[in-house]
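So the sequence lines, in the order shown, correspond to chains A and B. To convert, note that position 64 of the first sequence is 64 in the working numbering; the numbers rise steadily by one, no gaps. To convert, note that position 24 of the second sequence is 174 in the working numbering; the numbers rise steadily by one, no gaps.
Don't take each hint at face value.
To be verified - Pairwise CB distance ranges (calculated):
1) LYS247/B / LYS20/A: 20 to 26 Å
2) MET57/A / ASN213/B: 34 to 40 Å
3) LYS99/A / SER256/B: 35 to 41 Å
4) GLU74/A / GLU258/B: 33 to 39 Å
5) LYS246/B / LYS20/A: 23 to 29 Å
6) GLU77/A / GLU262/B: 21 to 27 Å
7) GLN238/B / GLY95/A: 21 to 27 Å
8) ASN213/B / GLU101/A: 20 to 26 Å
9) ASP183/B / LYS107/A: 17 to 23 Å
10) ASN188/B / LYS107/A: 52 to 58 Å
11) GLU32/A / ARG251/B: 16 to 22 Å
12) THR63/A / LYS255/B: 14 to 20 Å
13) GLU262/B / LEU82/A: 47 to 53 Å
Note that these hints are calculated values from the structure, not bench results. Positions of the beta carbon are idealized from the N, C-alpha and C atoms, including for glycine.
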Amino acid sequence: MAERPEDLNLPNAVITRIIKEALPDGVNVSKEARRAISQAASVFVLYATSCANNFAMKAKRKTLNAGDVMAAMEEMEFERFLQPLREALEAYKKGQKGKKEASEQKKKDKEKKSDAEESDKNKDEEEEEEEHMDEEPEVENEAEDEEVEN
Amino acid sequence: MSGDNVGGKGTPNNKNVSLPMSRVKLIMKSSPDVSNINQEALFLTTKATELFVQHLALSSYKNGSGKDKNTLSYSDLANVAEGMENFQFLTDILPKKILARDYLKSLEERQEEDDL
Chain A
1 MAERPEDLNL PNAVITRIIK EALPDGVNVS KEARRAISQA ASVFVLYATS CANNFAMKAK
61 RKTLNAGDVM AAMEEMEFER FLQPLREALE AYKKGQKGKK EASEQKKKDK EKKSDAEESD
121 KNKDEEEEEE EHMDEEPEVE NEAEDEEVEN
Chain B
151 MSGDNVGGKG TPNNKNVSLP MSRVKLIMKS SPDVSNINQE ALFLTTKATE LFVQHLALSS
211 YKNGSGKDKN TLSYSDLANV AEGMENFQFL TDILPKKILA RDYLKSLEER QEEDDL
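Please work from the sequences and hints to get the whole structure.
Written out as structure tokens, the structure reads:
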């Protein structure tokens, strides 16, 4: 999947922003330090993945789940991350649920639209539906990204 | 210990994570024995990586040499990688820099010890 080695790096701009936000204002970060942190972050991902995978394998599962990652954090002695991670996951789940509802709503809108087309009712309603459609594509794209397959 | 405000600053609420999850997934999948990762696990790993970056930067800064209070340098990171238990896995990619002169000297010393 990773065709070029740089595919295994995290984007420098984002890493730099996260570092800047963590440090007090006015602190500079040397280029070398930034590169090192970015590499450290990639290694962290691999290390966490490997730990989490051990937990999944022990449980004879082929898919890493949230519990595996949490267990990995504990094993890696990053207990301090557990609480913020739990909160973030809650918020994330809520967001996902919202998205799901939005796309279900969209489906309904679609059905309604085709009904309207079939019975060839008034044009106004149809135009309204199209406006809805314009607002939604983003949701759909994100939903596609969520699928975790190879 | 430091890094108390991990997860505090720099976590915008409007967006869950700032690092691209697709890239994190690519890195995770580069691990040979990993087959599938569910969405929540991917999200958590991405979020944890952000917390890790904040934590590493802040810890290194706080434990910095103090030589230059306004700059986070490579040696601050190398020091913290060596000094803190949970950053030990980083020592391979964050080796401490030493002068060739000092290295040769330590080699010599080791050799002398072996000779004894």
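Going through the hints against the structure:
Between LYS247/B and LYS20/A the Cβ separation comes to about 24 Å, which falls inside the hinted range of 20 to 26 Å. At about 36 Å, the beta-carbon gap between MET57/A and ASN213/B stays in the expected band of 34 to 40 Å. As the Cβ distance of LYS99/A to SER256/B is approximately 58 Å, the hint placing it in 35 to 41 Å is violated. For GLU74/A and GLU258/B, the Cβ-Cβ distance of about 44 Å falls outside the hinted range of 33 to 39 Å, so the restraint is violated.
Range check, LYS246/B to LYS20/A: Cβ separation about 25 Å, and the 23 to 29 Å hint holds. For GLU77/A and GLU262/B, the Cβ-Cβ distance of about 38 Å falls outside the hinted range of 21 to 27 Å, so the restraint is violated. In this structure the supplied range 21 to 27 Å is violated for GLN238/B paired with GLY95/A, their Cβ-Cβ distance being about 35 Å. Between ASN213/B and GLU101/A, the C-beta spacing of about 47 Å breaks the proposed range 20 to 26 Å.
Separation of ASP183/B from LYS107/A is about 38 Å and departs from the stated range, judged on CB atoms against 17 to 23 Å. Between ASN188/B and LYS107/A the beta carbons are some 24 Å apart, a value that contradicts the proposed interval 52 to 58 Å. Between GLU32/A and ARG251/B the beta carbon distance is about 21 Å. The supplied range of 16 to 22 Å therefore holds. As the Cβ distance of THR63/A to LYS255/B is approximately 53 Å, the hint placing it in 14 to 20 Å is violated.
Against the hinted window of 47 to 53 Å, the Cβ-Cβ separation of GLU262/B and LEU82/A comes to about 49 Å, which satisfies the hint.
Hints 3, 4, 6, 7, 8, 9, 10, 12, counting from the list given before, are not met by this structure.
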